[in-house]
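Colleague: Residues per chain are reported as follows:
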Amino acid sequence: MAASDQLMFARQLGATARLLIWLLVGVACVVADSRYHALDSMRSGFSLLLQPVRETLRVPANVAAELGGFFTRHRLLQNERDALRAERARLWVSVNAAREISRENAELRALLQLQARPGQRVVHAALLYQGRDWFVQRMTLDRGTAAKLHSGLPVVDASGLVGQLTQVYPGTSEVTLVSSPEQLTPVFIERTGQRGLAAGSGRGQMELRYMPTHTDVRVNDRLLTSGIDRVYPAGIPVARVTRVSRSQSSPYLRVEGVPLAGLDRSRAVLVLLAEPPLIQAPSPLPPQVKQP
Amino acid sequence: MSRTQSSGSWRRILGSLTLALLLEQLPWSGWALALRPDFLLIGVLFWTLHQPARVGFGSAFLVGLLADFQNGGVFGQHAMAYVVGVYLVLFLRLRLLQFDPLRQATQLFPIFLLVQLLLLLIGWLAANPPSGLTVLLPVTSNTVMWLVLVGVLRLWHGKGMQDRA
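Residue numbers (my numbering), protein chains in the order written: chain A, 1 to 292; chain B, 1001 to 1165.
If you are wondering where the hints come from, they were derived from the structure by calculation, not from laboratory data. Beta carbons are placed, not taken as given, at the ideal position from N, Cα and C, and that holds for glycine. Heads up, none of these hints are tricks.
Residues from chain A that keep clear of chain B, each with C-beta distances beyond 12 Å, as calculated:
1) L67
2) L76
3) N79
4) W92
5) V93
6) R103
7) L112
8) E190
9) T213
10) R222
11) Q248
12) L253
Here are some chain A residues pointing at chain B (derived, C-beta under 10 Å):
13) V25
14) A28
15) S34
16) S47
17) R58
18) R132
19) S180
20) P181
21) G204
Here are the in silico distance ranges between beta carbons for each label pair:
22) B:L1035 / A:R209: 26 to 36 Å
23) A:E256 / B:T1134: 13 to 23 Å
24) A:Y36 / B:L1113: 30 to 40 Å
25) A:L197 / B:L1153: 51 to 61 Å
26) A:Q12 / B:G1015: 21 to 31 Å
27) B:L1035 / A:G14: 34 to 44 Å
28) B:L1022 / A:Y36: 26 to 36 Å
29) B:T1134 / A:V31: 22 to 32 Å
30) A:S247 / B:G1015: 49 to 59 Å
31) B:G1015 / A:P52: 14 to 24 Å
32) A:R103 / B:L1136: 51 to 61 Å
33) A:M42 / B:W1010: 19 to 29 Å
34) B:L1113 / A:D40: 26 to 36 Å
Start from the sequences and build out the full structure, keeping to the hints where you can.
Modeller: In structure tokens form, the structure reads like this:
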């Protein structure tokens, strides 16, 4: 610490004292941010500052991908086209079946006088930046409040649920992934209909919590969102069960799974805007007219 | 403050720190992301070593706040860890300046390790338990990056790249 330009009489604090002061400031920052969320405006400012930079620096990677796609071999394309044709034929069959089912469903709903589900509005968004996933697994999308997003909205990709918006800035937003620790998702097991809570367990894995030991759950069962939380619409695929084990010490099964969405692969995702309708409790008493 | 305007001018300091920030903005993913050196930390510690009068606790704290935003962490996490790193570099400064790049990098390894461990600890207390020990991977890449940086600068400036402070 003996800088060569040190004056004979110390005019500033010693290094240790300054370290302690800055550490105090740091602790204050941590507390203000994590307990009181007082620094969100600073986050917003940083995001405004860095968004153009991030967008610019994504360009080289995009150009490389474009060039790579350009030189894809002809034979490969032909194979892919054949495969796609076959798949389209198969899909048509299921589309017809689905049409039939949805017509029937509409009739049945009408019979039961249920509310039809509102049309989902979606916002396309692209992955802008992915931070290190040491404590919370997040990624940054290139849409924000300008696209009428707000925090809490579900984010999906072609194969399943990606996560939930947790921070929204003017031009960007942050998604907390379903595999992030402590991120809870209400799900049900597709095969049996049993409801449960899926939680992220870090390292890109998930677990199904609090399942009693007699629960019927098997490897390769799919977990879909149950929709009872009014955050996620029902029926979005979330995870596939990879391991079921029983521990001596716990009254619950240990069910592990992997998320179905391409959390580390997807570059384009959809944000679902329409909120599930509020379920109105039927009023138990007819409104009484007050006597004046 | 009798100092000649030399290689460590403000323009260079700000330029190199901006470059470090830009490098962190690249779309890293997968293993590259896990192994990405902490360019901002390396920049701050480098300038603390060579220009302690200009880059010190305050700048380390500010740069740390940027790094916190960068990684989506709690504000103050990187800031505190960087400040401790700066303290250690200041403490060992005269000693570090004596060494050739390889030994200097070896001496900085424990400092980088301590900084990462602090990040781990603060993140653990403030947010969640960490997922695995990948948080320690950048320690190695930081050391290697430091070695490369100092080696290249040596070649660039000749052997006379001594500190100017």
